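Undergrad: Sequence:
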Amino acid sequence: MSSASPGIEPAGTPTITGTASGKRVLLAKPRGYCAGVDRAVIAVEKALEVYGAPVYVRKEIVHNKHVVETLRERGAIFVDETSEVPEGALVVFSAHGVSPMVHAEAAERNLRTIDATCPLVTKVHKEVNRFAKDDYDILLIGHEGHEEVEGTAGEAPDKVQLVDTAEDVDKVEVRDPSKVIWLSQTTLSVDETMERVDQLRERFPNLLDPPSDDICYATTNRQVAVKAMAAECDLVLVVGSTNSSNSKRLVEVALKAGARASYLVDFAHEVDEAWLSGVTTVGVTSGASVPDELVMDLLAWLAERGYGDVNEVTTANEKITFAPPKELRKV
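Numbering follows the UniProt record's numbering, with no gaps: position 140 of the sequence shown is 140.
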């Protein structure tokens with residue numbers, strides 16, 4: 001998988017500074033909001049501004065408690081299924097994407113829709129359609145039950161098989177071993193994904209790679225930044241929600257890259273002060289659906305406990321932006 005992405009500037013080799021004996025914080029960059037999350041959140045905010053409350057949102061617009069609660073307070077109503085939306089009402093589809101069946105259900109109920117699916121997720125949907133049309137068996141590496149996986153697999157359910165665990169690799173059955181391709185959920189650990197690909201390739205030597213990287217630039221960049229500082233850290237705190245796949249992966253990446261301990265928290269007050277016992281260096285990062293104000297709150301909390309020396313570890317500078325959903329461009 002390539003390390004370069006459009007709109008990404010390499011930052012060179014990060015320099016980690018700070019006193020060797022004093023308490024310090026290493027702050028990962030990039031961290032927090034990616035372009036797809038920013039686009040989706042703004043879509044709901046714009047819909048509320050233009051059309052007024054209530055605006056219905058199918059599933060959580062992004063996987064972050066604070067963002068969801070803030071939008072709920074402004075008049076967004078979050079539902080699990082389109083059947084819960086009153087006929088003729090306005091519904092926003094989340095950044096994780098939906099299947100054609102969901103679009104059809106919305107049309108049947110005469111719902112007005114705004115599709116806030118991340119363009120990078122849409123790209124994977126198009127890949128499914130392309131290879132399904134060419135009659136490939138598609139092995140989708142991802143986590144069972146995740147909204148993105150459900151939407152992607154729903155593009156061609158008769159051609160897609162989900163591969164989540166190593167055990168799933170042994171269960172795969174294909175019609176023609178020469179016509180098999182792997183695709184992936186966009187928010188996975190790069191290392192774990194490639195491990196699964198290697199296992200699949202042992203069974204299917206002619207396994208075709210995706211036309212381009214499926215794991216999104218933001219997921220990759222945040223993992224690279226964590227890897228760059230983890231070995232220096234006694235503790236890595238990842239700001240993010242438990243249902244955020246990319247946030248949970250950051251904890252795993254930190255531990256594998258040498259951090260002595262790592263935990264996922266939504267808010268600063270969730271940090272157990274016992275975690276700081278004997279800790280000199282704390283690493284801080286956040287998932288791609290986390291507003292930076294939550295990271296700043298955590299830094300302030302740490303500063304009150306003696307960790308006021310903050311050094312930013314920069315591995316890339318992101319400049320990617322996405323246009324608003326087409327339904328909102330004219331307004």
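The hints are simulated quantities; they were obtained by calculation from the structure and are not laboratory data.
Just to be clear, a hint being listed does not mean it is correct.
Across the chosen pairs, the derived CB separations fall in these ranges [to be verified]:
(1) E108 to P157: 18 to 24 angstroms
(2) A104 to D198: 33 to 39 angstroms
(3) E87 to K171: 40 to 46 angstroms
(4) D198 to D135: 23 to 29 angstroms
(5) I42 to F267: 20 to 26 angstroms
Mimicking DSBU-like on lysine-lysine, the simulated pairs with C-alpha atoms at most 35 angstroms apart in a straight line are [unchecked claim]:
(6) K29 to K171
(7) K330 to K123
(8) K23 to K123
(9) K248 to K65
(10) K126 to K330
(11) K29 to K126
(12) K330 to K23
(13) K133 to K256
(14) K159 to K123
(15) K159 to K179
(16) K256 to K330
(17) K179 to K23
(18) K330 to K65
(19) K29 to K65
(20) K171 to K123
(21) K179 to K123
(22) K227 to K248
(23) K46 to K256
(24) K123 to K65
(25) K46 to K171
(26) K126 to K23
(27) K171 to K159
(28) K65 to K227
(29) K29 to K256
(30) K29 to K227
(31) K29 to K248
(32) K179 to K330
(33) K123 to K319
(34) K46 to K23
(35) K23 to K65
(36) K133 to K179
(37) K227 to K171
(38) K248 to K23
(39) K326 to K159
The model shown is predicted, which means the values in this text are computed figures rather than measured ones.
The beta-carbon is built from N, C-alpha and C at its ideal position, and this holds for glycine as well.
Undergrad: Just to be careful, I want the Cα atoms of K46 and K23 compared with a cutoff of 35 angstroms; is the pair within it?
TA: Violated. K46 to K23 sits at ~43 angstroms, over the 35 angstroms cutoff.
Undergrad: Under the criterion that the straight-line Cα-Cα distance not exceed 35 angstroms, is the pair K330, K65 satisfied?
TA: holds (30 angstroms)
Undergrad: Is the straight-line distance between the alpha-carbon of K126 and that of K330 35 angstroms or less?
TA: Holds, at roughly 25 angstroms.
Undergrad: Next pair to validate is K123 with K319; report whether the Cα-Cα distance is within 35 angstroms.
TA: holds (19 angstroms)
Undergrad: Would the hint linking K256 and K330 be met if the CA-CA limit is 35 angstroms?
TA: violated (47 angstroms)
Undergrad: Can you confirm whether the C-alpha distance between K126 and K23 stays at or below 35 angstroms?
TA: Judged against 35 angstroms, a Cα distance of about 49 angstroms means the pair is violated.
Undergrad: Below or equal to 35 angstroms on CA atoms is what counts here, so check K29 against K256.
TA: Holds. K29 to K256 sits at ~19 angstroms (cutoff 35 angstroms).
Undergrad: Within 33 to 39 angstroms: is that where the Cβ-Cβ distance between A104 and D198 falls?
TA: At roughly 38 angstroms between Cβ atoms, D198 and A104 fall inside 33 to 39 angstroms, so the hint holds.
Undergrad: For the pair supplied as a hint, K227 and K248, confirm whether the alpha-carbon distance does not exceed 35 angstroms.
TA: Holds: K227 and K248 sit about 14 angstroms apart, inside 35 angstroms.
Undergrad: Per the hint of 40 to 46 angstroms, is the separation of the Cβ atoms of E87 and K171 within bounds?
TA: Taking Cβ atoms as reference, E87 and K171 lie about 41 angstroms apart, which means the hint holds.
Undergrad: Given the hinted pair K29 and K227, is their alpha-carbon gap at most 35 angstroms?
TA: At roughly 11 angstroms apart (the allowed maximum being 35 angstroms), K227 and K29 satisfy the hint.
Undergrad: Are K23 and K123 close enough, with their CA atoms no more than 35 angstroms apart?
TA: It is violated: about 44 angstroms lies between the C-alpha atoms, which goes past 35 angstroms.
This entry does not satisfy hints 6, 8, 12, 13, 16, 17, 23, 25, 26, 32, 34, going by the numbered hints stated previously.
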